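Here is what each chain is made of, one letter per residue.
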Amino acid sequence: MKRFRFIDHTGDLGVEVFGDSLARLFRHAGEAFTDIITDAKWIRARESRHVSLQADRIEDLLIRWLNEFVFLFDTEGFVPKAFDIALIDDCHIKATVQGEAYDEDRHSIKTTVKSATYHQLQVVKEDDRWKARVIFDL
Amino acid sequence: MKHVLAAGVDWTLQHGYGSAEDQTHIEANGCIMNADPDKISERALERGRAQLGTLGSGNHFLEVGFVEELYDFEAASSMGLKKDRATVLIHTGSRGLGHQVCDDYLSVMLNASKRYGIELPDRQLCCAPVDSKEGKDYLGAMAAAANFAFVNRQMIMHWTRETFGQVFQKRIEDLQLELVYDVCHNIAKIETHEIEGKDKELCVHRKGATRAFPPGHPDIPEKYRSIGQPVLVPGDMGRYSFVLVGTAAGYAETFGSACHGAGRMLSRHQAKKAAKGRAVARELEDRGIIVKGASKRTLVEEISDAYKDVDNVVNVLHQAGISKKVVKLSPLVVIKG
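Going down the list, the sequences are from chains P and E.
Residue 35 in our numbering sits at position 35 of the first sequence, with consecutive numbering throughout.
Residue 1131 in our numbering sits at position 131 of the second sequence, with consecutive numbering throughout.
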């Protein structure tokens, strides 16, 4: 099953994410984020960050989740690689994320992300399969 | 960081970046007065700390070029622009700090929209009345982010001058690399405009647009009072950019606003397709333009074909009388963050 695919959007970058559970949907969304900024195969899972977030609804939780990675990258250069989601429901997520700090000598930047946006945001469940659409502002 | 946000360019001057003369050539003298750093979250401050003095990616750039063509001799001389004179364009803003302010206030505004019964076509377009608590808080935070942007550009400009000084073995003061104008885009300002014969205080939100005030307006520097505010309309990295001036007609018809760039024609994905198999940097080099991008992907996404021809865009402004063409700039060196 495809984990995510990029969709066309003038000026910004859209991504559709799929998962057979909410946890997988969020994991794949995290992987899509890393794929936007760099080549994930060179990122090692060397450091951990604990992420605990809440929101009023699932769409907002997904945006918070992705913007947490924007924040970690902007402030520490941290690039996520592996996502261990301990708890997730419509309004909460608790996870341990492993990755490493961006290193110019070993990694190359594709583009940086300013923000995951609410524009055309969608999180739906179709036949036991979760699907989300997020537009990133680059 | 809070001092940067409250003081804007006063902070940069105190710390040895730029000159007092520069300050008179910056919108609002580089400090929007109602900035309220206390309305900025710790997260936004943290992103700002890490990024002050950086260009950023996407369409942000620093371009060294020259004046290729003069259209309005008088206005060009007021700005110190002569044919073949070297120019530097810097396009960057409030970086991650501004985006964090946006993210933070989106949740505030989503709640506010609900509370004030405002129906939203898209959740990214949430809003609140300007004079509500949420509206005022946001304007204070937005002004603080704008001040960060003024400081950011001023620092990069200072280092640009230093670099020119090193290369040409000259003192900064002898370079004659003077600031023409520094103006915001994507910002909301409280301004007074005439509506049906009466002066009204308005919140003018220039999104994808920049300010273009006419000759005689008190908010533009003394030096430009007779010609109008300089309006900078950058094109894509392979073609040209324009300097224009604001007009009375534009002031009446667009609340003193003009577009702030060429505008994209192709999505990033389409641009990538259009650039497939092409050596973008090499193509530009063959035309005498040196391009340095943080990544190949940026260069590919920013190819000329991805943008409208800014010549056409600027001619619309000129012919509609919204702004008047002054000079055309051609690129020599482009740095994409």
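It is worth saying that the hints were derived from the structure and are not from the lab.
Incorrect hints may appear among the rest.
Keeping only pairs whose Cα atoms sit at most 25 Å apart, straight-line, the calculated SDA-like set for lysine to any residue is [as the list claims (entries may be wrong)]: (1) E:K1296 x E:A1279; (2) E:K1296 x P:D105; (3) E:K1273 x P:G14; (4) E:K1272 x P:T38; (5) E:K1002 x P:T38; (6) P:K125 x E:K1002; (7) P:K131 x E:A1279.
On a predicted model such as this, the values are computed, not experimentally measured, just so you know.
Structure-based check of each hint:
no.	hint	verdict
1	E:K1296 x E:A1279	10 Å, holds
2	E:K1296 x P:D105	16 Å, holds
3	E:K1273 x P:G14	16 Å, holds
4	E:K1272 x P:T38	16 Å, holds
5	E:K1002 x P:T38	32 Å, violated
6	P:K125 x E:K1002	44 Å, violated
7	P:K131 x E:A1279	37 Å, violated
In summary, the structure is inconsistent with hints 5, 6, 7 from the numbered list given earlier, while agreeing with the others.
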